[in-house]
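Just so you know, the protein sequences line up as chains A and B, in that order. At position 60 of the first sequence the residue is numbered 60 (this note's numbering), and the sequence of numbers has no breaks. Counting from 1 along the second sequence, just add 1000 to a position and that's the residue number in this note's numbering.
Don't read these hints as lab results, they were simulated from the structure. Careful, some of the hints might be misleading.
Unchecked claim - Pairs of lysine-lysine, DSS-like flavour, derived with a Cα cap of 27 Å:
1) B:Lys1030 - A:Lys64
2) A:Lys115 - B:Lys1053
3) A:Lys158 - A:Lys64
Unchecked claim - The following label-pair restraints were derived from C-beta to C-beta distances:
4) A:Ala168 - B:Trp1070: 53 to 59 Å
5) B:Trp1070 - A:Ile85: 18 to 24 Å
6) A:Tyr149 - B:Asn1088: 29 to 35 Å
7) B:Tyr1073 - A:Ser131: 26 to 32 Å
8) A:Leu68 - B:Tyr1073: 22 to 28 Å
9) B:Glu1078 - A:Pro152: 50 to 56 Å
10) A:Pro152 - B:Gly1075: 46 to 52 Å
11) A:Pro82 - B:Gly1029: 26 to 32 Å
12) B:Gly1029 - A:Glu154: 32 to 38 Å
13) B:Gly1029 - A:Arg165: 33 to 39 Å
14) B:Gly1029 - A:Leu83: 24 to 30 Å
15) A:Ala160 - B:Glu1008: 57 to 63 Å
16) A:Pro152 - B:Arg1011: 44 to 50 Å
17) A:Leu78 - B:Arg1009: 26 to 32 Å
Even glycine gets a Cβ: it sits at the ideal position worked out from N, Cα and C.
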Amino acid sequence: MIEARDYRNCIQANKRSACQLEDYIYLAFHVGTFSTFLFPHSRLFQSTACLTEVSVGLEKVDEKSAMLHRMVSDIGGLPAEPLNITDHQLLPWEKRCHALLETLAFLGVMSTEEKRRYVEDMGQTIYAALSYYEKWIMTASNFLVTKGYITPDELAAKIAEVRKRFEAEQ
Amino acid sequence: MRQFKTGERVRIANRVTVGHVRVPTYVRGKIGIVDRELPEFLIPEDDAFGRPKGRTRPLYIVRLRMSDLWSDYRGSSEDTLELEIFENWLEKV
Chain A
1 MIEARDYRNC
11 IQANKRSACQ
21 LEDYIYLAFH
31 VGTFSTFLFP
41 HSRLFQSTAC
51 LTEVSVGLEK
61 VDEKSAMLHR
71 MVSDIGGLPA
81 EPLNITDHQL
91 LPWEKRCHAL
101 LETLAFLGVM
111 STEEKRRYVE
121 DMGQTIYAAL
131 SYYEKWIMTA
141 SNFLVTKGYI
151 TPDELAAKIA
161 EVRKRFEAEQ
Chain B
1001 MRQFKTGERV
1011 RIANRVTVGH
1021 VRVPTYVRGK
1031 IGIVDRELPE
1041 FLIPEDDAFG
1051 RPKGRTRPLY
1061 IVRLRMSDLW
1071 SDYRGSSEDT
1081 LELEIFENWL
1091 EKV
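Work out the full structure: start from the sequences and follow the hints.
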């Protein structure tokens, strides 16, 4: 839970640094907020194969009981692949995604815990299949739709528009 | 009124989880020692559902022995884990 404390420090630091806030807002809105839903850049479409490969196994013995105790993010002690700790570059869409979520947090629209809850609410199958930022961007979409900031129609229309533009550039 | 003091032995509650909590299952039911008393904060159970004016509870850093958490732990018996646990998840021992 170290990150919860870091988050508070981060928010306090942000309040002192208007410059940093402007950077976040710039990053999030420069390209138009909704073009952060630019899925073709992500590995989402390639990740269906992971569904069968990734196993975050709940105990088979008492699966229902385990599900009630353990949230999908609570994987401490479960069998897992070795950790990949090599440094990797964030993709542009991942940076924009991060900026969008930070902006929502800074504006007091969505707290870190709320974000985590939305991620968990995707359920085991989707949680295991999506990458870190794929979870975040799905969370942003679900949250903004749930709270009525955007409608599913608007989001779908924007994704279609961006996809068309993306495919034209290829 | 704070229920626990630094140095006190405490048990982390073992409950069925509904909604959003931040207490990992591998520490539930385990006994540790209060390492530090932290201020009160909004608890995740309320924060996660968009209730910024929800319940606040004192937060503690609790220290547990790694060998108490993992039966097959191969490191030193002195190795410990410290994590932040809200008061509503702690029980008197």
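Now for the hints, and whether the structure bears them out:
no.	hint	verdict
1	B:Lys1030 - A:Lys64	holds, 22 Å
2	A:Lys115 - B:Lys1053	holds, 17 Å
3	A:Lys158 - A:Lys64	violated, 39 Å
4	A:Ala168 - B:Trp1070: 53 to 59 Å	holds, 54 Å
5	B:Trp1070 - A:Ile85: 18 to 24 Å	holds, 21 Å
6	A:Tyr149 - B:Asn1088: 29 to 35 Å	holds, 32 Å
7	B:Tyr1073 - A:Ser131: 26 to 32 Å	holds, 31 Å
8	A:Leu68 - B:Tyr1073: 22 to 28 Å	holds, 27 Å
9	B:Glu1078 - A:Pro152: 50 to 56 Å	holds, 55 Å
10	A:Pro152 - B:Gly1075: 46 to 52 Å	holds, 50 Å
11	A:Pro82 - B:Gly1029: 26 to 32 Å	holds, 29 Å
12	B:Gly1029 - A:Glu154: 32 to 38 Å	violated, 47 Å
13	B:Gly1029 - A:Arg165: 33 to 39 Å	violated, 54 Å
14	B:Gly1029 - A:Leu83: 24 to 30 Å	holds, 27 Å
15	A:Ala160 - B:Glu1008: 57 to 63 Å	holds, 59 Å
16	A:Pro152 - B:Arg1011: 44 to 50 Å	holds, 46 Å
17	A:Leu78 - B:Arg1009: 26 to 32 Å	holds, 28 Å
Hints 3, 12 and 13 from the list above are not met by this structure, while the remaining hints are.
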